[in-house]
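Engineer: Here is what each chain is made of, one letter per residue.
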Amino acid sequence: MSEALKVPTAAEFLAQGKQPEVLFWVGCSGSFDDRAKKITKAFVKLLNKAGVEFAVLGAEESCTGDPAKRAGNEFLFQMQAMMNIEVLNGYEIKKIVTACPHCFNTLKNEYPELGGNYEVVHHTQFLKSLIAESRLKIEGGKFKGKKITYHDPCYLGRANDEYEAPRELLEKLDAALLEMKRSKRNGLCCGAGGAQMFKEPEPGNKDINIERTEEALETGAEIIAAGCPFCNTMMTDGIKAAEKEGKVEVLDVAELIANAEDL
Amino acid sequence: MKILSIIVFALILVAAVGLFARNIKRMIRNIKLGREVDRSDNKKERMAQMLRIAFGQSKMVRRPVSGFLHVVVYIGFVIINIEVLEIIVDGLTGSHRIFAPFLGGFYDFLIFTFEILAFLVLVSVVIFWLRRNVMNIKRFMMGELKGWPKNDANYILYFEVVLMSLFLTMNATDFILQTRGVEGYAHAGEIYGSFPISGFIVPLFEGMANSTLIIVERAAWWLHIVGILIFLNYLYWSKHLHILLAFPNVYLAKLTPQGKFTNMDAVTKEVKLMMDPNADPFAAPDPSAEEGEPESLGAQDIFDLNQVQLLNAYTCTECGRCTSECPANITGKKLSPRAIMMKTRDRLEEVGAVINKEGEWKDDGKTLLNDHITTEELWACTTCNACVEACPIGIDPLSIIMEMRRYLVLENSAAPNELNITMGNIENNGAPWPYNQMDRLNWANE
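Line by line, the protein sequences give chains A and B.
Residues 56 to 318 (my numbering) are what the first sequence spells out, left to right.
Residues 15 to 460 (my numbering) are what the second sequence spells out, left to right.
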């Protein structure tokens, strides 16, 4: 931790009569979950380093409603959506970046019909564009030759057809990228989607995250890269169950890049 | 004799087509029991999708073995049907190989191709049978295929074997009759057709007298065409309806990103009203508004699903690619997306049978929910879209699961308790966990 994070809110921008370049939608997990908060901070460090004029909503942000919608509670989802849209439109937000594929999918695909029209990007897509614009550079040295496997989050991959941005970032680390048996459009869910994160699974012979973690371990990777805080939790639990703690790490793509930069 | 056979042929043809039309009408009537849904947008994109995925089989070949075999049978089916056209014209006019004089050398080429395809189809069908019955492939061994679905799949394969064998027998005997210059078969010394495969079975028939050969040839010809007409009428009862429905089904499939779920309009109206500070909470309902029973929120029965979802159910070929990719199913949960489709069709047929019998729908005290699909299946879904991605013909089991979850939550308040707590948290403090919304930015200073 070299210096304090700069995390301005949209309200502060407004007070100064300025518009942020992009709004960083932190999400519930990124705000409250201890593990996910580290991802949030890693991403903010990268934003700070690249000099991105971003804002967060802070206490004005609320759940996008994704888990409610996928649990079947359309009413609660739309209540959440309309409240969020009112806040976002109030600040005249044009572009949103988020590190949570569930927030990403909901904001991008399900808000427009309810009056929320924004350009929404996943943080891996945003980081990729920062690098393309030379605002951010990645030195691969630290991860050179490290075996990394990337787990596709359903709501980034299949749901929105984004398989390449996170992989391109990982390749920039000079790491050895290993694919799991099921990857990209055939990627196996971590088990958290559809509000499963918040309930016990139905009876079966295995937990989904265990199955997926075993697949990741089969690749021989030392690092499982994820692009979703929920996948991260599920895979981290899987690693614990497989007693591989300390041997295999589960890290978000943003954390890997921030680590590479010693941020 | 010739006139008689023409009359018999025409009668069989009319009866078969008539029966088929009746079944298709019933199917359309059943599909219309569902809610209307507008898929009249993006015609070009839909057409392209249909050409690529249904016509071009682009998703079938993602699994190379079964995909390749399926392409063989599919091409065989489509192309050999040109021959069926000739058979029908021959049958109705009493002619023999009526296309030959018009097409000349090209006719020989066509018959040559049909024979090669017939052989490849036979080989593929044998492999299909082995895959289904001998090789212990998991998706063909699952509980939901016990009984009729498994038999159905095998019947189709047996049908194919019989039809292709009859076709080759017909050609082999016809070839001998042509070379022997038998009346009705000879064409002034010219041989119509080219027989690369049936040539191998010619020795089986060469010892026969002309009269016997004619009987064998006619029998094969008649059984072949009657077999095809029986098959046509079998379709409605079979998973094999996909040979017709795959095309409209893919055309009508969702074009938006898979992650985009529908927003329920009825809910939008309510929520907007709630959030409108000028709305009068005590206002009398607008008298100009539509009368009648309001539609239920979500789906309890097939009437609450939309017509594309019901078409999906009739289109499903029960291949199980969806289920073999489903994370819940892979880990031993009861949910199987294929079973969701099969149960939806079963219920639709159950309702259809009541309408057939009574002339209109009379409540039979059953519903799709609970009587066919259990809540345990519905709550096991992670909404990961693997099933949707896996389906080679654009079926969306996830959308049915979602509609039924909506019914459970919005009409019955019957979510699992942990989810009720989660939803309570979202409602009260804007996060699925019990944290204070005011603390959302605390991480920045930790």
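Be careful, since some hints might not be right.
[As the list claims (entries may be wrong)] Simulated crosslink set (SDA-like; lysine to any residue; CA at most 20 angstroms straight-line):
| id | chain 1 | residue 1 | chain 2 | residue 2 |
| --- | --- | --- | --- | --- |
| 1 | A | 254 | B | 443 |
| 2 | A | 93 | B | 460 |
| 3 | A | 261 | A | 216 |
| 4 | A | 239 | B | 348 |
| 5 | B | 268 | A | 216 |
| 6 | B | 348 | A | 216 |
| 7 | A | 93 | B | 348 |
[As the list claims (entries may be wrong)] Some chain B residues judged to face chain A by a derived CB distance under 10 angstroms, without partners named:
| id | residue |
| --- | --- |
| 8 | 42 |
| 9 | 196 |
| 10 | 236 |
| 11 | 241 |
| 12 | 280 |
| 13 | 284 |
| 14 | 286 |
| 15 | 309 |
| 16 | 310 |
| 17 | 379 |
| 18 | 381 |
| 19 | 398 |
| 20 | 430 |
| 21 | 433 |
| 22 | 449 |
| 23 | 450 |
No lab work stands behind these hints, which were simulated from the structure alone.
We put the beta carbon where it would ideally sit given N, CA and C, even for glycine.
Engineer: Each hint should be assessed against the structure and marked as holding or not.
Structural biologist: Right, here's what the structure says about each hint:
Restraint check for residue 254(A) and residue 443(B): satisfied, since their Cα atoms lie roughly 19 angstroms apart, inside the 20 angstroms limit. As the CA atoms of residue 93(A) and residue 460(B) are separated by approximately 10 angstroms, the hinted pair is consistent with the 20 angstroms bound. As the CA atoms of residue 261(A) and residue 216(A) are separated by approximately 28 angstroms, the hinted pair breaks the 20 angstroms bound. For the proposed pair residue 239(A) and residue 348(B), the alpha carbon gap of about 25 angstroms is over 20 angstroms, so the pair is violated.
The suggested pairing of residue 268(B) with residue 216(A) holds, with an alpha-carbon distance near 15 angstroms, which does not exceed 20 angstroms. Simply put, residue 348(B) and residue 216(A) have alpha-carbon atoms about 28 angstroms apart, too far for the 20 angstroms limit, and the pair is violated. Taking the CA atoms of residue 93(A) and residue 348(B), the gap is about 36 angstroms. The hint is violated against a cut of 20 angstroms. Taken as an interface hint, residue 42(B) does not check out: its beta carbon lies about 30 angstroms from the nearest beta carbon of chain A, beyond 10 angstroms.
Contact between residue 196(B) and chain A, as hinted, is not supported at the beta carbon level, the nearest pair being about 58 angstroms apart and thus beyond 10 angstroms. A cut of 10 angstroms between beta carbons decides the hint on residue 236(B): the least distance to chain A is about 48 angstroms, and the hint is violated. Hint status for residue 241(B) relative to chain A: violated, with the closest Cβ pair at about 39 angstroms, above 10 angstroms. Of the supplied interface hints, the one on residue 280(B) holds, with its beta-carbon coming within about 9 angstroms of a beta-carbon of chain A, less than 10 angstroms.
Annotation: interface hint on residue 284(B) holds; nearest CB of chain A at approximately 7 angstroms, less than 10 angstroms. Look at residue 286(B): its Cβ gets to within about 7 angstroms of chain A, closer than 10 angstroms, so that hint holds up. Annotation: residue 309(B) was flagged as interfacial toward chain A, and the flag is violated, the nearest CB pair being 13 angstroms apart, outside 10 angstroms. Hint status for residue 310(B) relative to chain A: violated, with the closest Cβ pair at about 13 angstroms, above 10 angstroms.
At about 24 angstroms, the closest approach between the beta carbon of residue 379(B) and any beta carbon in chain A exceeds 10 angstroms, and the interface hint on this residue is violated. For residue 381(B), the interface hint is violated, since its Cβ never comes within 10 angstroms of a Cβ in chain A; the closest pair sits about 16 angstroms apart. Using the Cβ-Cβ criterion of 10 angstroms, the hint placing residue 398(B) at the interface with chain A is satisfied: the shortest such distance is roughly 4 angstroms. Satisfaction of the interface hint for residue 430(B) is found here, the shortest Cβ-Cβ separation to chain A being roughly 5 angstroms, below the 10 angstroms cut-off.
Look at residue 433(B): its Cβ gets to within about 5 angstroms of chain A, closer than 10 angstroms, so that hint holds up. This hint holds: residue 449(B) has a C-beta 5 angstroms from the nearest C-beta of chain A, less than the 10 angstroms allowed. Taking 10 angstroms as the C-beta contact cut-off toward chain A, the hint placing residue 450(B) at the interface holds, the least distance being around 9 angstroms.
In terms of the numbered hints stated before, the structure departs from hints 3, 4, 6, 7, 8, 9, 10, 11, 15, 16, 17, 18, listed from lowest to highest.
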